[in-house]
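Colleague: From first to last, the protein sequence lines stand for chains A and B.
The first sequence lines up with residues 1 to 496 when you count with my numbering.
The second sequence lines up with residues 497 to 816 when you count with my numbering.
The reader is advised that the hints may include incorrect statements.
[As the list claims (entries may be wrong)] Below, a list of computed lysine to aspartate or glutamate pairs in the EDC-like style, where the Cα atoms sit at most 20 angstroms apart: (1) Lys681/B with Asp182/A; (2) Lys187/A with Asp583/B; (3) Lys628/B with Glu133/A; (4) Lys648/B with Asp344/A; (5) Lys628/B with Asp182/A; (6) Lys681/B with Glu445/A.
[Unchecked claim] Reference listing, derived: stretches of chain B covered by chain A, where coverage requires no fewer than 3 residues with Cβ under 8 angstroms from a Cβ of chain A: (7) 527-535; (8) 538-546; (9) 569-581; (10) 613-622.
It should be emphasised that the hints constitute simulated quantities derived from the structure, not laboratory data.
Yeah, the Cβ is synthetic: ideal placement off N, Cα and C, and Gly gets one too.
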Amino acid sequence: MEFIYYFGEVFTPISMLLLIGGTIGGLILGATPGLSPTMAVALLIPFTFQLTPVHGLILLGAAYTSTVAGGAVSAILLKIPGAPANIATTLDGHAMALKGEGAKALQLSFISSLFGGIFGVLLLIFLTPVLAEWALAFGPPHLFWLAILGVTVIGSLESNSVVKGLLSGCIGMWLATIGFDDMLGVKRFVFHSSLGGGVNIIPALIGLFAIPQVITMFAKGRFDQDTSRIEVKKHPVGAAFKEVFKRKRALGIGTIIGSIIGLIPGVGGQIAGLVAYDQAKKFSPEKAKFGTGHSEGVIAAEAANNAMVGPSLVPLLTLSIPGSPTAAVLLGGLLIHGIFPGVDLFQNYPEVVWPFINSMLIGQVLMCIFGIYIASFAARVAQVPKSVMAATVLGLALFGSYAVQQSMGDVYVMAVLGGMMYFLERFGFSAAPLVLGLILGPIAESNFVQGSMIANAQDGPMIYFFSGTLNIALIAVVVLSVGYSAWSEITSRKVV
Amino acid sequence: MKKLFTALAVSLAGFTGTATIAGSYPDRPVMMMVSYGAGGATDFQARIVTMTAGNDDALGMPIAIINKPGAGGRVGWNWFATEADKDGYTLAAYNIPHFIAQSIKGGVDFSTDSFEPIANWGADPAVFIVGKDSAFNSMADVVAFAKENPGKLTFSGAGLFVGHHIAALQIEKAAGVKMAYIPTKGGGSAAMKSVIAGDVLGGVNNLSDAYRAAQAGSIKILGVADLERNVFLPDVPTMMEQGLDVDNASVNFRGVMVPKGTPQNIIDKLAIIMPEMFKHKKVAGKMKQGGSPMYIMTRDEVIAMWAARQATLEELLKGL
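In isolation and in its complexed conformation, chain A is listed as follows (with noise of 0.2 angstroms):
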């Protein structure tokens, strides 16, 4: 219990403004497309250079914290994710907006993002040194079986079919594949000099989300701008907050499985959001009330994906090893202020650490407080006319793919993808299994490349992948899935 002697320094005048400072400007940053947490912490450590090692790392906590979350504004409102972690929350988030709800979906997003928050964050405290062996137990088969049981999530994903679900996925694990393969030193697909870098994910993201969309719109837009005028309901805020305790299930599924995943290096929160909504789907005695705005798509994905903040780092503290990009990019910010992650970081620099951690606590709830407050008048953001709004969109998408790495590159990649979406969504294709493929495929290949590479130095791969108790119970999960969707693919179809 030693953290709470530390809350002393966080309720420091300086402190507080940082930390009041970082979570606005992270949950504007992670509202706009394009800046991912990742790119605002990055942004935001030239800052701390000028800061003490203490306020330097709360802003950069409060801001890791408060971007994750920020995401969903758009996610729900404009249905782009912010970043790979908000996907799932576009599913249900964006069609209740479409309902004129979306100020409950942001109080959902951000009460449900408190929850998740707090206790990843309380695992950090209490459970470090044991998760940090748990997330090294996980080496090459094991992520390889991880992103096949990925695969099998996307088939059910969002689509009016499986087949054609697994298509989407078989595109987006294509398009993965283009650029340059650091493992096997060859370029593949690369027959436009933007293309040499390969596809990134978060232009990919905003292209597949934003641009058929706006093409709708404009196409739409002439006829029935005003005639469709949503009517924006107020929703009081303790009826949110009993909402979402109602919803214990999908609640706590979201909230446990975004804390596991979070934990594992190399996985991150990318994929959290989606299997804690795919899993709360199949819990839910309402699963066909998926997708067309229902409350539990919202909470098991937003919980999730700020479950993941606090076990995600736990790699980096105890072990030196940044398990996702967020994480690298705030090892920098730790080491500038000369703070050496490793097991007896919390012993040399008990100072710094514990407030680093606890600013993410009082974050998560000033992130709530903060998201609350907006929530109300940002759902307006659905009565603004087509037009205007089709406009916008595409400016924000073509700023957003460009801030990335400041490369027209991508900005062309965002364009062509969002293009060739416009059409497969009218034959019944979808973004989400698409990004899911994308994001998987090369976990997928390169944990196996680097496990037949292994395992042929070793005992070959059959033994590789296949022995071992985490293998054997990550593949009974893959047949499991599988098993299920397959079954009640058949079982609905009786009915019909």
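Using the hints provided, position chain B relative to the given structure of chain A.
Modeller: Just chain B, lined up with the frame of chain A:
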């Protein structure tokens, strides 16, 4: 009115003449391209070493870092060789041996002839590491195991044609053994994780990262691939001390360069200012805190180093 301004500008330009371009340079902020992502080691160090650029005794103008990551640095360097302005307002960070090895391997638009070095700020040697409980305690143990079990000693490193890979090739060649180099995706930290977790038997990694991991007690460092021992690790012998003929070809040198075609007087001015800028005590302090070894070299020294690297790497990568 517009014409008047143009006339004024032209006459002013004529008045000051080209000879003094370097005198007024720089009169606006300068940009420096880093071909790795924000927050990575190169980006992080680039931001530190350029933080005093705005001082009057340095450039007098700030240097802004922009990142063009992708394909192990190839995306950024391709852009720098083909598209960057040659007016002295566009600088870039180089990583040796990465860009030279990539240009020898081919498939890129740059080589050492595309760039003009300005100055070097840092050197991060490659080290050989093993897990904390490993039976290996010296390079001799590693080589002995590799001799008995050809191709079975797995060791990780960050990708192909980077410093780690070069060190791996040199170690194998010097010891006359075949080992299994496992390139990882996701840079040095993924390679480090695989050593700590025991996925592989050993690994090549950056001295600065390995130093931290060793301090944390999760790995042992068996040898440094450099000509001399490192100040951070005075007790760890070099490869040569352990009988392996491995020189400093894999040391990750970081510094500043401009595209070929940049006016000579601007290159000269930068070459004088930059090494002094790196010596600033604020810069040295931050670099030390971050555990990043500094190694300042002047333009002439860097030109010689590039040429030496080119020769060594061509020899080493032949037939790969």
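Colleague: Given the hint that Lys628/B pairs with Asp182/A, test it: the Cα-Cα distance must not exceed 20 angstroms.
Modeller: It is violated: about 28 angstroms lies between the C-alpha atoms, which goes past 20 angstroms.
Colleague: With the threshold set at 20 angstroms, check whether the alpha-carbon distance from Lys187/A to Asp583/B stays at or below it.
Modeller: Distance ~32 angstroms between Lys187/A and Asp583/B Cα, so the pair is violated.
Colleague: Using C-beta distances, would you say chain A covers the region 538-546 of chain B, given that this needs three or more residues below 8 angstroms?
Modeller: holds (count 4)
Colleague: Do at least three Cβ atoms from the region 569-581 of chain B come closer than 8 angstroms to Cβ atoms of chain A?
Modeller: holds (count 3)
Colleague: For Lys681/B and Asp182/A, compute the direct alpha-carbon distance and say whether it is at most 20 angstroms.
Modeller: With a Cα-Cα distance of about 6 angstroms, the restraint between Lys681/B and Asp182/A holds, given a limit of 20 angstroms.
Colleague: Given the hinted pair Lys681/B and Glu445/A, is their alpha-carbon gap at most 20 angstroms?
Modeller: Given pair Lys681/B, Glu445/A holds - Cα atoms ~10 angstroms apart, limit 20 angstroms.
Colleague: For Lys628/B and Glu133/A, compute the direct alpha-carbon distance and say whether it is at most 20 angstroms.
Modeller: Holds - the C-alpha atoms of Glu133/A and Lys628/B are around 14 angstroms apart, at most 20 angstroms.
Colleague: Are 3 or more residues of the region 527-535 of chain B near chain A, judged by a Cβ distance of less than 8 angstroms?
Modeller: Coverage by chain A holds here, the residue count being 3 at a Cβ distance below 8 angstroms.
Colleague: Within the region 613-622 of chain B, is the number of residues with a Cβ closer than 8 angstroms to a Cβ of chain A three or more?
Modeller: Since three or more residues must qualify, the claim that chain A covers the region 613-622 of chain B is violated, with 0 doing so at under 8 angstroms.
Colleague: Has the given pair, Lys648/B with Asp344/A, been kept, meaning a C-alpha gap of at most 20 angstroms?
Modeller: 34 angstroms, violated
In the structure shown, a violation is registered for the earlier hints numbered 2, 4, 5, 10, in ascending order.
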